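Number of protein chains: 2
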Amino acid sequence: MVQWNNLDTVKAYEKLQSLKDHVCLQRVLSGEDGAERVKKYVVPMAAGMTYHYAAKQVDEDVLEALKALAAEMQLTEKYEALYNGEVINTGEKRLVLHQLTRGQLGRDVVADGVNKRAFYVAQQEKVADFARRVHSGAITNAKGETFTTVVQIGIGGSDLGPRAMYLALENWARQNGTFHMEARFISNVDPDDAASVLKSIDVSRALFVLVSKSGTTLETLTNESFVKDALKNAGLDPAKHMVAVTSETSPLAKSSDYLAAFFMDDYIGGRYSSTSCVGGAVLSLAFGPDVFARFLAGAAEEDRLAANPDLLKNPAMLDALIGVYERNVQGYPATAVLPYSQALSRFPAHLQQLDMESNGKSVNRFGEKVNYVTGPVIFGEPGTNGQHSFYQLLHQGTDIVPLQFVGFRKNQAGMDVDIQGSTSQQKLCANVAAQIMAFACGKEDENPNKSFAGGRPSSIIVGEQLTPEALGALLAHFENKVMFQGFVWNLNSFDQEGVQLGKVLAKRVLAHETDGALRAFSELLAI
Amino acid sequence: MVQWNNLDTVKAYEKLQSLKDHVCLQRVLSGEDGAERVKKYVVPMAAGMTYHYAAKQVDEDVLEALKALAAEMQLTEKYEALYNGEVINTGEKRLVLHQLTRGQLGRDVVADGVNKRAFYVAQQEKVADFARRVHSGAITNAKGETFTTVVQIGIGGSDLGPRAMYLALENWARQNGTFHMEARFISNVDPDDAASVLKSIDVSRALFVLVSKSGTTLETLTNESFVKDALKNAGLDPAKHMVAVTSETSPLAKSSDYLAAFFMDDYIGGRYSSTSCVGGAVLSLAFGPDVFARFLAGAAEEDRLAANPDLLKNPAMLDALIGVYERNVQGYPATAVLPYSQALSRFPAHLQQLDMESNGKSVNRFGEKVNYVTGPVIFGEPGTNGQHSFYQLLHQGTDIVPLQFVGFRKNQAGMDVDIQGSTSQQKLCANVAAQIMAFACGKEDENPNKSFAGGRPSSIIVGEQLTPEALGALLAHFENKVMFQGFVWNLNSFDQEGVQLGKVLAKRVLAHETDGALRAFSELLAI
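Residue numbers (the numbering used here), protein chains in the order written: chain Z, 1 to 527; chain Y, 528 to 1054.
These are computed hints drawn from the structure, not numbers from a lab. You may find that some hints are simply not true.
Said to hold, decoys possible - Straight-line distance between alpha carbons at most 25 Å, and here's what the computed BS3-like set of lysine-lysine pairs gives:
#: 1; chain 1: Y; residue 1: Lys977; chain 2: Z; residue 2: Lys507
#: 2; chain 1: Y; residue 1: Lys937; chain 2: Z; residue 2: Lys503
#: 3; chain 1: Z; residue 1: Lys228; chain 2: Y; residue 2: Lys1034
#: 4; chain 1: Z; residue 1: Lys410; chain 2: Y; residue 2: Lys1030
#: 5; chain 1: Z; residue 1: Lys503; chain 2: Y; residue 2: Lys977
#: 6; chain 1: Y; residue 1: Lys542; chain 2: Z; residue 2: Lys39
#: 7; chain 1: Y; residue 1: Lys1034; chain 2: Z; residue 2: Lys369
Predicted model, so just to flag it, every value in this text is computed and none were measured.
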């Protein structure tokens, strides 16, 4: 049986705290020892990628302390409990099964009377079959024309992850002959969001994917009505242009309003649902089921690596523990995610949700207030754009912000240009290498305004190219990192009670059941 | 003469520090007193907007201390010095004149032998004339066809601000009959960025705006070559498809490679350049010069409000000082920007650069290290999307993150739908009102996992609709807020030495002039 303990009750944490400011990056990265360190501090990931932590403030002492922490917190055992189907989401009394959408690491998991792996695979096959029929022209609009655009209607986890994944593979798919349909996304309840998308597409050739697990998400149902009105106004039958992704028990499940319904369940949280039908429907329609299968394969391989009890061979666990060291020992309040790949432009927004919604909590899994800080603020933009923007603060600001870089040796689109002796891709890669060292080691200057203190830690994940497998591996890496950090902080990373109060109050505002300051603010906004 | 002093040397700061945790939001916002507070704590802004700070942790005591701080730090006098043309950017020994692109608050400013207001106006007129000739068909492609798309090539301030402004007014312009050309943006040196834009447009009908003040920005020149290759490959003459926005002394200024050149100068930093030709060219081409002029008028009106020495009538100064209280007294490390308007989807990314690049510094304007924290981390996404994402941490995380909301009573696109008794716009507005109160006052629950501690401060800027004037006012408000905070922290908010080291090292990597860890990282990325 695993023991669920608060971080500040375990011995290894005491040891770790004694190692504050233990490593000087300028020193360990200098000279040929520095080069050796770069070659040594690396962990293989799935899809041929590698996780590099030479520019993190760790050494053998810190790593030993992290190993002890991993063991004492039973991280491997807790992950095993999770994938073997224990009730890890204690708040909502649910299993946590998103890994099961892409592979099976442990025992058969049976819930609600069915084998859950078989259930997820069956849904994937249903999606794949539907997508193939759309692509072949077996399913068309009323005029017999093929669908050319797929529009996802969803919010939060039904939007950020699938959108980030779509953007990540759009150029790759075009280049590799697997681009079937353009995808667009409607999420915000702001009517200008839906209006803008609808004005920019041919609705008569569009297929809409409505995503809501409960079938009751207010923003999503509102946008569904918005879209249905637009379809009716164009003389079209909405039921011939929409599919639903929902749970079997939702009001949407059996509705004749949809061409098809694909099912998810309560064991997969929104922010962990990109590898379920929530991501599967739109990605299979856009790029074909085979690309989606490759994406799942990359994630599955990464999930297996996360089960390795050897910390130095487990990239997600190591990344998680270094993050805990930075947050709870070094005291850094935020983390920046900086992919050197334009295709990952919205990946930081997905990680922002994944991380901040999972671990932005003040009570442990038993509902007791914890006495240490938990999830940091997560933000980021692609490099090199960020370099010309907020990197100023990262280099010379008064707070230290740990950095997570991602880079690929090859670009996706197969177009490049040679200027001043190097290609754009080489410039991109040169910049990320340069930034790692600039942050870590800084540079003295007699003008203090031009001095760089250094000592700013970063890690980098490097891959050959952002392929479907690499993307799946990246996604799973961060899901597993967040999971391990939740275990260390003794949080339930799989509920989100913090979003409820706002919903309740908004309903009250709309019903005009308010007084005092809330009424005053509502009047201000003309409600 | 103004005195430039560090924050921790002035008396008013000592007083302010004694007021830590002085105000309990739950108390001051309760009952009818709370409603009165909402009605009282408001400052008029330009374009009919209002700044509301009832949900900030201030009261008469804190406001008195902030007034004393404003006086002792001579904030109004420093702003006067700036707009009267003193050398405020001491590091680079430059005037700071972005306000002069939209109006004249003080004396004539003469530099480089010319009246700078007249210079900026002349450039605006040149842009306006050019845009009108493009729209009328007087300037066309070689086949005599009109240009339909404008593509901005620039990075950092030449990208984030103009892109955010374009997205902010796209729907408004379509709805108001002033939409002339679609705009696209190429920024990243990642070749997939340019490839993706070029594949999605008809290059034969595209006009490219190359933006680089120095004419030497590596990313921008690389992307220019990328675009020129694409034009040549399509059998087109690049010189007939490109204009330049640059300084008069740059190598681009007199080049015959461009249809026209519009000028900026060294007195306007990239992140402050949206109201110069950097924003003016693309926005005038997209929406027409009259819309751009309305945008400038809103900014000018807001600049005038910032000159008011009465803190309670000066929204930018008040916003700035409350931010200093939150950062230096309350100790909050980050600020979230949360516009309840999909059109402002990239406004937070612009503010992230504006704020973090201006005030993310550790030395004062004389190059001496300061002993207090300066600029916070800035991040954000539009509501309601953020509600379904990172708001969990904002509501229940272990750190408090102050919030900056923005909301409008009317949407832009003129389409809406009524569901369950309310429109989408009403739902949007109800949500932001609800969130303010949920953050400020929280809610007790016997289940600690469902408890909200409250005490999380926010302000909101409210407007009738996001018009060009309102957008200009918003932009200027935040520019002036950042300026005032820089004055309080005694920083030079107008240079960015922190971006230099990375550039130097990247060049060394590309020239293969590296050793040790930097060489090892470069090899890893196949450079």
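Original post:
Taken at face value, is the distance from the CA of Z:Lys503 to the CA of Y:Lys937 at most 25 Å?
Top reply: Measuring from Cα to Cα gives roughly 21 Å; hence the hint holds.
**OP:** Verify the proposed pairing of Y:Lys1034 with Z:Lys369, using a straight-line Cα cut of 25 Å.
**Re:** Violated, at about 50 Å.
Original post:
Z:Lys228 and Y:Lys1034: Cα distance at most 25 Å?
Top reply: 54 Å, violated
Subject >> Holds or violated: Y:Lys977 to Z:Lys507, with C-alpha atoms at most 25 Å apart >> reply: Holds, because 18 Å separates the two Cα atoms, which is no more than 25 Å.
Subject >> Distance restraint between Y:Lys542 and Z:Lys39, which requires alpha-carbon spacing of 25 Å or less >> reply: 53 Å, violated
Original post:
Taken at face value, is the distance from the CA of Y:Lys977 to the CA of Z:Lys503 at most 25 Å?
Top reply: Holds - the C-alpha atoms of Y:Lys977 and Z:Lys503 are around 13 Å apart, at most 25 Å.
Original post:
Given the proposed pairing of Z:Lys410 with Y:Lys1030, does the C-alpha separation stay at or below 25 Å?
Top reply: This hinted pair holds, its Cα atoms lying about 21 Å apart.
In the structure shown, a violation is registered for the earlier hints numbered 3, 6 and 7, in ascending order.
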